[in-house]
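Engineer: Next come the chains, spelled out residue by residue.
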Amino acid sequence: MEIHATKEGNAIVISLKGRLDAVTSSEFETSLSDWISKGDNNFLLNFADLEYISSAALRSILATSKKLKETQGKIFLTGLHGPVEEVFKISGFLSIFKVFASAEAALKEIWKTKQPG
Amino acid sequence: MNTYFTEYKRKLTDPKGASEKIENGNTIVHGLSIAEPPALLSAIADRARAGRLRDIKIYSLLPLAHAAKTVLVPDLSDCIQAYSWFVAAADRDRVKVGLDYFVPNYFHQIPRLCRDFMKIDVTITTVSPMDKSGYFSFGTANDFTSTAARHCGKLIVEVNQNMPRVFGDSLLHISEVDAIVENHVPLLEMVPPEPEPEDEIIGKLIADLVPDGATIQLGVGGIPNSIARHLGGHKDLGIHTEVFGPGMVDLIEKGVVTGRRKTIHPRKSVFTVTQGVKRTYEFINDNPSIESYPVSYVNEPAVIAQNDNMISINSIIEVDLLGQCNAEFLGGSQFSGTGGQLDFVRGAFNSRGGKSILAFYSTAKNGEISRVVPRFQTGTVVTTPRMDTHYLVTEYGVVNLKGKSTRERALDIINIAHPKFRESLLREAEDMHLI
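As given, the protein sequences belong to chains E and X, one line each in that order. The first sequence maps to residues 1 to 117 in the working numbering. The second sequence maps to residues 1 to 435 in the working numbering.
Hints are computed from structural coordinates only; laboratory data are not their basis. Any given hint could turn out to be false.
Under the rule of at most 30 Å between Cα atoms (straight-line distance), these lysine-lysine pairs were calculated in the DSSO-like manner [unchecked claim]:
1) X/Lys132 - X/Lys21
2) X/Lys16 - E/Lys67
3) E/Lys98 - E/Lys67
4) E/Lys66 - E/Lys98
5) E/Lys66 - X/Lys16
6) E/Lys69 - X/Lys57
7) E/Lys112 - E/Lys69
8) E/Lys66 - E/Lys38
9) E/Lys74 - X/Lys57
10) E/Lys89 - X/Lys69
11) E/Lys69 - X/Lys69
12) E/Lys67 - X/Lys57
13) X/Lys69 - E/Lys66
Here are some of the chain E residues that sit facing chain X, going by a computed Cβ distance under 7 Å [to be verified]:
14) Arg59
15) Ala63
16) Val87
17) Ile90
18) Gly92
19) Phe93
20) Ile96
We put the CB at the ideal spot given by N, CA and C, even for glycine.
Make a model of the complete structure from these sequences and hints.
Structural biologist: And the structure:
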């Protein structure tokens with residue numbers, strides 16, 4: 001899996017490529033934790049190039065979003081498609097996270113929120 | 001106030017207080033389907049959502065609305081790991097994406113799994129109100145629930161005056177209970193589906209296989225209900241069944257079921273789980289002709305076989321041309337569980353005069369696909385091996401595979417497929433060197 005992260009205003013955009021599964025979800029979680037420890041708390045996960053997501057990764061995203069609640073931070077999603085979107089639908093996770101049709105639309109929404117600190 | 005009511009009062013708490021007895025990392029078993037305790041499940045979910053419970057494992061079999069709305073929800077899947085002994089509507093999608101873990105089993109062995117292969121910290125279940133001698137009843141759910149209740153660290157019961165009090169080996173003494181909550185909500189009901197046209201034909205075909213004086217096991221659903229309707233003219237039937245359902249109440253009230261010719265538990269209808277509607281629960285309440293026992297007894301093939309003329313009826317999803325039956329895989333994933341199918345298939349065949357019957361519609365998806373298939377899709381599990389398959393029934397007829405060659409079996413099975421698929425199935429059978 002490839003993780004590409006950029007800072008866009010008060011949001012960290014994390015683009016994922018490949019498989020987010022039991023093997024790679026800890027690497028993903030570490031990447032998120034690093035940003036959180038630096039004070040960032042709004043994340044846009046872009047799944048446009050993600051081929052597969054496992055339940056281990058779903059749990060990891062959920063656990064991180066709960067951690068972010070303490071600092072009024074949030075996780076937003078975009079680029080859902082194919083089997084990845086299907087997993088989000090079947091698991092009921094679409095009811096937990098806000099999903100945007102494009103990264104631009106998501107960033108507009110995030111930029112409305114106040115920067116931490 | 002007698003000593004038992006004093007003890008009851010001492011152990012009585014509210015759901016929140018009872019849930020405080022559960023610790024991080026605990027393994028919980030909850031009562032099966034109708035017996036799932038809504039107030040306790042809700043209190044557990046509240047604690048988990050507040051971040052005060054984590055690393056919980058919870059085991060279900062056929063979870064219904066209470067479990068589905070409380071602990072089997074997406075936003076708690078990081079702190080509650082759910083395990084399923086039988087995949088059903090409430091946990092099927094979760095199993096498919098890996099949020100629930102399916103545990104393969106024979107239903108009759110689950111009590112032993114609870115006792116010898118698991119460490120259960122907490123069991124929670126709904127029970128009927130306590131009597132003057134200090135006894136509750138497990139009501140609709142004896143199955144593994146009674147064993148889990150006696151082989152756990154803490155037992156918390158949710159008393160509901162709507163839970164029937166049942167005879168047999170269904171009692172639980174106050175001294176065995178650690179905490180009590182009260183919640184007198186209506187029990188969940190499983191309303192029978194509207195019958196399909198095929199149900200009537202299959203019901204009639206199967207009823208014709210049942211002799212007077214037989215002991216029957218039926219499930220719940222369209223086909224079992226139709227069979228029950230067609231058994232209306234029979235005499236002196238008996239009941240030894242995994243699931244006691246609404247169709248059986250009708251048969252008892254009509255005098256079709258008397259249990260007079262049963263070879264074990266004569267004059268008694270024996271079950272391990274009840275699923276039905278309010279009338280079903282009221283019927284079994286305090287009814288001395290109805291007895292429940294743990295599933296390790298009711299579904300034990302050797303016990304089933306002690307009933308002469310035992311006729312067991314179960315459903316399958318598909319059969320292949322070898323006679324292997326799949327009752328649990330659909331579209332490449334776990335759709336259901338083994339449940340008690342093989343328990344009864346084996347028990348009924350070993351009964352003197354017994355028959356095991358597996359029923360299914362010949363097609364699925366509005367007639368687009370055949371449920372008789374040359375071979376199963378890769379990865380599909382076999383619920384009933386070909387050596388065990390006895391009678392198969394579709395709306396196109398009845399076949400008995402016992403003692404038949406692979407050629408005879410394939411031809412028989414093709415004969416109960418939908419006519420539009422028979423030619424292609426014959427060709428496949430030839431390619432498979434079966435005919």
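Engineer: Now, for every hint given, state plainly whether the structure supports it.
Structural biologist: We went through each hint and held it up to the structure:
Restraint check: the Cα-Cα separation between lysine 132 of chain X and lysine 21 of chain X comes to about 27 Å, which is no more than 30 Å; the hinted pair holds. Taken as a hint, the lysine 16 of chain X and lysine 67 of chain E pair is honoured in the structure, with Cα atoms around 24 Å apart against an allowance of 30 Å. The suggested pairing of lysine 98 of chain E with lysine 67 of chain E holds, with an alpha-carbon distance near 17 Å, which does not exceed 30 Å. Between the alpha carbons of lysine 66 of chain E and lysine 98 of chain E the distance comes to roughly 14 Å, so the proposed pair stays at or under 30 Å and holds.
For a cut-off of 30 Å, the pair hint linking lysine 66 of chain E to lysine 16 of chain X stands: about 22 Å separates their Cα positions. About 24 Å separates the Cα atoms of lysine 69 of chain E and lysine 57 of chain X, which keeps this hinted pair within 30 Å; it holds. For the hint linking lysine 112 of chain E to lysine 69 of chain E, the alpha-carbon distance of about 17 Å falls within 30 Å, and the restraint holds. Our distance criterion of 30 Å between C-alpha atoms is met by lysine 66 of chain E and lysine 38 of chain E, whose separation comes to about 17 Å.
Straight-line distance between C-alpha atoms of lysine 74 of chain E and lysine 57 of chain X comes to about 27 Å, which keeps the hinted pair within the 30 Å bound. Restraint check for lysine 89 of chain E and lysine 69 of chain X: satisfied, since their Cα atoms lie roughly 17 Å apart, inside the 30 Å limit. A threshold of 30 Å between alpha carbons decides the hint, and for lysine 69 of chain E with lysine 69 of chain X the separation of about 23 Å falls inside it, so the pair holds. With a CA separation close to 21 Å, the supplied pair lysine 67 of chain E and lysine 57 of chain X stays within the 30 Å bound.
Only pairs whose Cα atoms come within 30 Å are accepted, and lysine 69 of chain X paired with lysine 66 of chain E is accepted, the gap being roughly 20 Å. Interface restraint check for arginine 59 of chain E: the shortest CB-CB distance to chain X comes to about 5 Å, inside 7 Å, so the restraint holds. A distance limit of 7 Å between C-beta atoms decides the matter here; for alanine 63 of chain E the minimum to chain X is near 4 Å, and the interface restraint holds. A cut of 7 Å between beta carbons decides the hint on valine 87 of chain E: the least distance to chain X is about 5 Å, and the hint holds.
Interface restraint check for isoleucine 90 of chain E: the shortest CB-CB distance to chain X comes to about 5 Å, inside 7 Å, so the restraint holds. At a threshold of 7 Å, the smallest CB-CB gap from glycine 92 of chain E to chain X is about 4 Å, leaving the interface hint in force. Checking phenylalanine 93 of chain E against chain X by beta carbon gives a least distance of about 5 Å; that is within 7 Å, so the hint holds. A distance limit of 7 Å between C-beta atoms decides the matter here; for isoleucine 96 of chain E the minimum to chain X is near 5 Å, and the interface restraint holds.
When the structure is compared with the earlier hints, no violation turns up for any of them.
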